[in-house]
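Chemist: Chains as they are written, first to last, in our numbering: chain A, 4 to 291; chain B, 4 to 291; chain C, 39 to 619; chain D, 39 to 619.
Hints in this document: simulated from the structure, not taken from any laboratory. As the structure is a prediction and not an experimental result, all values here were calculated from the model. In this text, a Cβ means the ideal position worked out from N, Cα and C, and glycines have one as well. Keep in mind that the hints are not guaranteed to be accurate.
Think about it this way: if two alpha-carbon atoms lie no more than 27 Å apart in a straight line, the pair counts; the simulated DSS-like pairs of lysine-lysine are [unchecked claim]:
#1 Lys159(B) with Lys145(B)
#2 Lys205(D) with Lys159(A)
#3 Lys158(C) with Lys145(B)
#4 Lys159(A) with Lys287(B)
#5 Lys603(C) with Lys158(C)
Where chain A lies over chain B, by a calculated footprint (3+ residues, C-beta under 8 Å) [stated by the list, open to error]:
#6 89-102
#7 119-128
#8 158-168
#9 238-248
#10 254-268
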Amino acid sequence: MTHASQTPLEKITVKTVKPTEYLSNVHPVWCPGCGHFFILRALTKALAWLKLPKEQIGLVSGIGCSSRLPAYLNVYGFHGVHGRALALASGLKANRPDLTVLVAGGDGDGYSIGGNHFIHACRRNMDITYIVMDNEVYGMTKGQPSPTTPAEWQSKLTPQGTGVARFNPMGIALAAGASFIARGFSGDPNGLTKLMTEAIQHKGFSLIEIKSPCVTFRPEEKAWQKSMRSLNVSPSSNPAEAAKSIYSSDGFDTGIFYQADLPVYEPTNTPCENPADVLAEIEKELNV
Amino acid sequence: MTHASQTPLEKITVKTVKPTEYLSNVHPVWCPGCGHFFILRALTKALAWLKLPKEQIGLVSGIGCSSRLPAYLNVYGFHGVHGRALALASGLKANRPDLTVLVAGGDGDGYSIGGNHFIHACRRNMDITYIVMDNEVYGMTKGQPSPTTPAEWQSKLTPQGTGVARFNPMGIALAAGASFIARGFSGDPNGLTKLMTEAIQHKGFSLIEIKSPCVTFRPEEKAWQKSMRSLNVSPSSNPAEAAKSIYSSDGFDTGIFYQADLPVYEPTNTPCENPADVLAEIEKELNV
Amino acid sequence: MIQPVSATQDNLAISVSGSGGTGAVTVGLILLEAIAKAGFYGVMTRSFGPQIRGGESAVMLNLSDHPIETLAEFSHIHLALDWLKFERFSDEIPLTQDSLVIYDNSREKPPGLVENSGAKLIGIGLQNAVKTIKGSRMNMFALGILTQQIGLDLTFIEAALKRTLGKKGDDVISTSLEAIQAGMRMIPDSHYEKLSHWHPTQKPRWNISGNEACGLGALRGGLKLAAAYPITPATDIVEYLAPRIEKLGGRVLIAEDELAAMNMVIGGSFGGLPSMTATSGPGFSLMTEAMGLAIASETPALVVTVMRGGPSTGIPTKSEQTDLNQVLYGFHGEAPHVVIAPLNVQEMVTISQWSLGLAEALQTLVVEVSDQHLGQSRVIIDPIPPVDFNLKRLRPPATTSDYQRYELTQEAVSPIAWPGTPDTQYTADGLEHTETGKPSSMAKEHQQQLTKRAQKITQHNYGEHWAKVTETLNATVLVITWGSSYEAVRIAVEALNQQGADISLLGLRLLMPLQTEQIQAVAKDKTVIVIEQNASGQLFHYLLSDNAIPRNSQSIAEAGPILFKPSTVQTALIHCLEGLK
Amino acid sequence: MIQPVSATQDNLAISVSGSGGTGAVTVGLILLEAIAKAGFYGVMTRSFGPQIRGGESAVMLNLSDHPIETLAEFSHIHLALDWLKFERFSDEIPLTQDSLVIYDNSREKPPGLVENSGAKLIGIGLQNAVKTIKGSRMNMFALGILTQQIGLDLTFIEAALKRTLGKKGDDVISTSLEAIQAGMRMIPDSHYEKLSHWHPTQKPRWNISGNEACGLGALRGGLKLAAAYPITPATDIVEYLAPRIEKLGGRVLIAEDELAAMNMVIGGSFGGLPSMTATSGPGFSLMTEAMGLAIASETPALVVTVMRGGPSTGIPTKSEQTDLNQVLYGFHGEAPHVVIAPLNVQEMVTISQWSLGLAEALQTLVVEVSDQHLGQSRVIIDPIPPVDFNLKRLRPPATTSDYQRYELTQEAVSPIAWPGTPDTQYTADGLEHTETGKPSSMAKEHQQQLTKRAQKITQHNYGEHWAKVTETLNATVLVITWGSSYEAVRIAVEALNQQGADISLLGLRLLMPLQTEQIQAVAKDKTVIVIEQNASGQLFHYLLSDNAIPRNSQSIAEAGPILFKPSTVQTALIHCLEGLK
Ligand SMILES: Cc1ncc(C[n+]2csc(CCOP(=O)(O)OP(=O)(O)O)c2C)c(N)n1
Ligand SMILES: Cc1ncc(C[n+]2csc(CCOP(=O)(O)OP(=O)(O)O)c2C)c(N)n1
Ligand code: SF4
Ligand code: SF4
Ligand SMILES: [Mg+2]
Ligand SMILES: [Mg+2]
């Protein structure tokens with residue numbers, strides 16, 4: 004695999020609101036050097052850039068190193084159970100379309116145990132932004148292979164490697180119906196900030212699949228810093244074309260692969276002015 | 004949508020073994036006219052064509068009208084719980100690679116509750132054939148929308164339609180790593196028999212997505228008989244190409260969309276000649 | 039020795055069976071509504087063969103001039119549209135020599151078990167009749183026959199017909215009416231003209247199923263989100279809600295599976311609005327992890343579970359009170375929550391509203407337990423007046439600074455902020471946490487939060503709804519039961535008491551937290567007998583586990599799916615009381 | 039009044055703490071192995087801060103010249119590589135005036151709680167020492183100091199070092215050895231030279247963790263498939279199996295989630311070969327639906343659950359006996375199955391083998407319950423001799439015609455065919471079924487199969503392993519406990535008995551089916567006290583629920599995550615006994 008066509012990663016500067024205002028006073032439990040730190044930083048920058056009021060944000064996660072994210076932000080957060088963040092967030096968005104709903108988690112949380120909610124959240128295409136902090140390993144449980152781990156990677160659980168090909172989260176998201184699909188890299192916080200702002204602004208379900216090295220259980224991933232580069236094609240809104248660019252990517256391009264204006268699922272949310280009357284109407288149906 | 008390019012559906016005749024030998028004496032609970040009857044018939048024909056010994060077949064299903072299939076066949080069957088057939092079958096195949104393992108179920112069972120096992124079974128690419136009897140509805144529970152139901156279809160549960168786009172099971176299978184992907188139609192039992200024989204013979208995970216009308220809760224599906232036709236391109240082994248043909252299909256083509264020779268996951272299965280000695284070796288590691 | 043009372047109550051039991059498409063169920067629906075319009079009460083249950091469609095089905099109606107929810111002891115009139123697989127229903131449609139069986143004599147003969155029952159048999163030419171009226175259906179003739187047999191005024195049938203089949207258009211109505219009238223003439227003598235002896239009421243009444251009642255109660259309680267995955271016999275609840283909740287500013291979310299449904303409920307509720315799901319055993323099993331999250335994160339959530347035969351896929355279409363152990367104990371870790379079971383359809387509206395309110399006020403999981411019988415029975419009841427339980431979420435005061443989501447308070451309920459409110463941001467967590475919500479694995483904080491979560495539930499004053507206690511003067515025996523067994527047990531106990539027995543009855547609604555002291559007070563100096571419909575005596579052992587009942591208490595426990603009838607309960611009670619002597 | 043015995047047993051307790059990367063755990067591992075090589079016994083537990091890496095961690099060793107599994111009452115020697123967040127461990131590493139604390143005086147001062155403990159403090163220049171030997175690490179100096187303090191022969195340390203760090207190459211070994219020797223000279227006076235008074239054994243022994251012991255037992259039982267999804271603290275079981283099971287003709291399947299894992303186990307077992315999974319509370323919750331399928335379809339399946347603090351995600355890295363309710367009752371429908379809990383690491387090998395055998399022979403779900411403490415403790419034990427339980431699947435006779443998978447038999451166990459065998463094809467089903475396996479919703483068949491599934495379990499003769507009963511002559515009190523609480527309770531009871539108390543002890547292994555009559559026999563005429571590590575007294579209530587213990591029995595129940603120590607149990611027991619007077 005060659006990484007010749009390096010495009011310089013883009014810059015973003017935050018002017019108006021201080022990103023640190025979005026931080027809580029809880030210190031991350033992450034290992035020093037963990038890629039997830041940079042994702043946290045990029046996210047605070049993106050929120051600041053968009054000037055989103057802290058109290059208008061609902062940030063939902065599952066379980067994993069990555070899923071610890073909500074506690075580190077001074078927003079309304081929910082650190083739920085492993086793999087179910089997207090479902091929880093869908094309930095939140097359904098009841099509270101006024102909130103900006105973000106979901107964060109790992110490759111294990113989202114693509115392994117959470118796989119079913121992943122495809123159905125894509126299909127529903129609610130206005131939610133999904134940030135996957137993909138380190139190709141289960142960090143929290145100390146180093147087991149995930150669905151994005153290469154087949155050869157050896158661990159205690161898989162002394163000869165998994166023997167199973169990694170799969171293609173962006174391809175799955177596309178087939179399932181997500182309307183914004185991007186890849187980012189934690190080692191490129193500015194590019195990431197930009198992707199995040201675009202994803203949050205996009206109306207519909209946005210997936211940002213972020214490569215984020217686990218320095219403890221996958222130290223070799225530090226080399227990603229050298230191989231990641233910006234995508235040199237612009238986002239397609241045609242699924243067949245996007246499929247082609249997703250399938251032919253070597254996994255090291257960052258950028259938006261697909262963005263389309265698809266119907267967004269927004270369950271009815273018209274407040275009821277006169278519930279007593281409406282209830283009486285409903286009860287009338289029962290009369291003999 | 005036009006259905007102009009009708010290719011005549013292919014014929015298959017069974018000579019050697021009697022398909023009825025594969026039937027059990029349990030009578031199907033299906034409604035008269037249900038598409039699932041024809042899938043049962045095609046399956047017995049395919050098994051007969053392949054001359055597979057009945058006792059060498061393991062047929063696993065979940066819950067649904069479609070999932071009742073195993074009881075109707077005189078093979079080793081498992082009618083498990085809703086949505087988990089592929090996982091159960093993976094365990095069976097891992098322990099018993101000598102058996103021909105088939106999985107059958109509905110669109111609800113496989114794509115809704117079973118979605119996570121679907122993508123991971125594709126990814127694992129074990130030598131299993133997955134027969135989805137897709138009627139775009141939950142038949143067994145009397146007519147609720149499934150992930151393949153069109154957004155406009157109205158039901159008691161969705162009086163104004165689901166408002167959610169149907170998703171693309173073949174596209175998902177492709178992105179997830181399945182190595183044989185086909186669409187069939189219950190109204191074309193011969194074409195279906197042929198697809199089934201090819202899928203069973205294919206080494207790796209085969210998906211046959213079969214359109215099968217639910218005459219009771221989706222009577223309008225009877226019209227499929229007029230619109231289904233054979234695919235006029237030959238199977239691709241290139242994912243990007245296959246993606247294109249899958250994404251550009253109008254949903255009425257039948258045939259093999261993708262077939263590739265991908266690594267098949269086969270967990271070790273070397274019988275141990277001298278377990279006592281091996282155990283003693285293993286216990287020796289514990290010695291102080 | 040006490041003798042069982044005659045199983046004949048002042049009721050009228052009618053059943054109709056037939057193969058798929060014959061329309062037995064429609065006959066039942068119209069008849070029930072007509073009976074209601076005539077000023078009476080009734081209950082209707084259905085039974086299906088294993089086929090999806092095209093298989094045999096039956097309806098059983100039990101009618102009376104006072105509210106009634108139990109199954110009849112035997113059918114006064116059984117009308118067989120045909121005899122397809124009638125054996126399947128023989129448990130549910132008992133025939134005796136007091137039964138009248140009407141059947142189509144142009145087809146098969148009655149099966150042996152019908153002939154042997156001693157019932158009076160009348161064969162008629164139903165299939166031929168259909169040919170006489172163009173576009174008519176056999177079941178409408180049957181309806182006419184039944185109308186005539188029980189002496190029901192045609193105007194009520196006509197009104198019920200219009201209501202039930204009105205959508206099908208005027209032609210269908212008029213053809214049907216013609217067939218009904220023809221049917222009325224087919225057997226002119228009436229054999230069970232009971233209605234004329236009954237006292238019709240002028241009061242308004244409702245025609246409602248248990249599942250509808252459950253949905254209505256939740257709407258009254260302010261439900262804003264129902265997230266669910268379809269499952270028999272709970273789907274009807276959400277199907278009832280779907281077209282109605284939107285008018286009240288709420289919504290239904292169809293989940294990809296039960297794991298999603300439960301998490302959607304938690305997310306919706308975290309958003310500040312009352313949220314619920316409805317499921318049955320298999321789905322409940324899939325939800326327990328997330329229910330534990332609701333408990334640990336103190337997020338209000340209502341789960342209605344409609345029990346069916348178990349274990350595993352079991353018997354999806356039939357009733358059994360067999361999931362009690364799970365609804366109480368199906369969670370890992372210490373998971374105090376609230377479990378409530380209504381005793382009949384009539385109270386389902388109010389108990390469901392109460393359940394949702396308790397979830398909101400106590401910020402925890404409330405499981406409301408129904409079953410296939412309660413849920414899918416259709417009954418005529420007096421309208422249920424509205425109640426105000428005044429059960430709301432505790433919000434932080436507007437001037438909060440240093441807001442702590444999991445603050446230790448006197449009532450053990452911590453204020454919960456509304457997302458969108460400035461300065462009260464917090465992270466809800468299923469990891470053990472400090473008062474602020476920060477993850478903690480320290481023993482002190484674990485114990486503090488464990489205690490808080492338990493105390494808020496035990497300290498709450500549940501008022502009178504915890505049970506329905508009917509005390510008899512000088513009672514020496516206390517019968518305890520729950521859920522859909524209650525009505526049959528109540529009638530059995532009343533009958534025994536009329537014959538001089540001294541039995542008190544306790545129908546337990548609040549299963550968790552168990553009101554041990556109150557139960558002990560009622561049980562004092564009495565022999566306790568616990569009656570329930572499952573094989574192992576789950577309620578019995580549960581009551582023993584907290585010493586709520588004496589050590590020598592007796593258990594009457596029988597697996598489903600055949601429901602208790604007053605007579606079977608009486609016999610079992612008499613047997614049990616004899617054994618104690 | 040009985041006085042608590044001095045908490046000082048004939049043990050030697052050493053703890054080491056430090057921030058991430060300082061290598062405290064390595065010190066513990068080498069020391070434990072060296073102590074074993076020297077002919078002694080010991081147990082080592084670990085504790086981590088919430089950080090993944092880079093956070094603080096500690097090891098606690100309790101050493102003796104006889105088998106030992108409990109935590110020490112206090113640390114004889116605590117070595118602090120630094121003081122980072124030491125407060126976090128203060129519950130787990132109690133210091134008294136009899137403790138010796140050694141710390142690096144080139145860094146921060148000891149925290150207040152250490153100074154206030156009255157422990158003797160020795161500060162040394164660890165950081166400077168490292169500079170004296172190129173490539174050396176601080177923890178090896180610490181190891182040297184400890185070696186010297188307890189009077190351990192260097193040869194044992196050297197051998198243990200080679201075994202533990204051998205993979206890192208000769209250079210690391212020689213540098214480490216140099217550092218150890220330098221460390222030995224740093225504090226020349228030995229303060230705890232206990233070893234010389236102890237009697238070393240020459241017997242072979244094993245160095246094993248509970249999770250490894252569990253895996254080994256399953257391998258002995260013929261395990262062929264382990265399917266699992268990682269979860270703390272159960273992952274080690276599968277990590278132990280992964281490289282070993284293949285040599286025995288088996289395999290590990292990594293599942294996408296726990297729902298898959300459990301279904302894989304069922305599929306693998308349907309294929310005819312012993313199959314298991316390992317999980318913890320949250321994963322167990324996700325598996326209950328499929329476990330119900332194993333029960334209903336009568337497919338053998340072993341589930342090992344390693345409990346951690348709950349509810350929900352709870353406290354993943356710490357121990358609590360808090361999932362008993364769930365492992366007994368977490369299923370919908372009547373779901374009789376087998377639940378077994380080993381009492382200590384020593385018996386884990388045999389009990390795990392037995393558990394797998396019971397699943398095979400009874401064709402049902404067996405849940406083996408461990409916890410974080412049992413699972414992740416590393417102990418030195420005598421090798422466990424092999425046993426043959428002779429527990430196998432019942433196969434249909436070779437000449438079977440008209441094979442019925444769910445045949446009603448005398449023993450209530452139906453023959454199960456091997457897929458691949460001609461003429462015995464069947465469909466396994468979680469729907470209720472007839473003897474042939476055909477779906478059925480009839481009451482008769484439901485009750486027949488319910489009864490069969492219950493009877494096969496209750497009728498089995500479980501032999502002596504159901505409990506470990508230690509009866510004391512003239513005992514007036516019976517203490518009942520289970521799982522990882524057993525060792526601390528045993529020592530407490532023995533100590534009280536030495537002082538004249540008359541207490542019998544029952545360590546309950548077979549939790550389901552509950553051996554009520556046997557328990558009643560042991561409990562006869564005694565006051566019963568039930569001790570367990572959870573907040574609500576789950577075992578206590580469970581025993582009451584079947585009248586296995588008298589109504590006035592006492593409960594000592596305390597939530598985790600701090601483990602019981604013999605002294606805390608003693609105090610609680612004395613308090614409880616006083617209260618009874
Ligand atoms: C139901 C359940 N199963 C398993 C676990 C254990 N578990 C916690 S986090 C995790 C994987 C985390 O991996 P990932 O999502 O990739 O996050 P990372 O730690 O790598 O950031 C697992 C398996 C759990 N908490 N709950
Ligand atoms: C855990 C669980 N949830 C829900 C159900 C109820 N249920 C049974 S079959 C089914 C859907 C069946 O649809 P599909 O798989 O498409 O099969 P079809 O009947 O259409 O052939 C559902 C929701 C169940 N049995 N178990
Ligand atoms: S284990 Fe890996 S993913 Fe987790 S905090 Fe450490 S470096 Fe990050
Ligand atoms: S309900 Fe639909 S899918 Fe089910 S048997 Fe009837 S026609 Fe077939
Ligand atoms: Mg990860
Ligand atoms: Mg379907």
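Chemist: What hint numbers does the structure not satisfy?
Modeler: 3, 6
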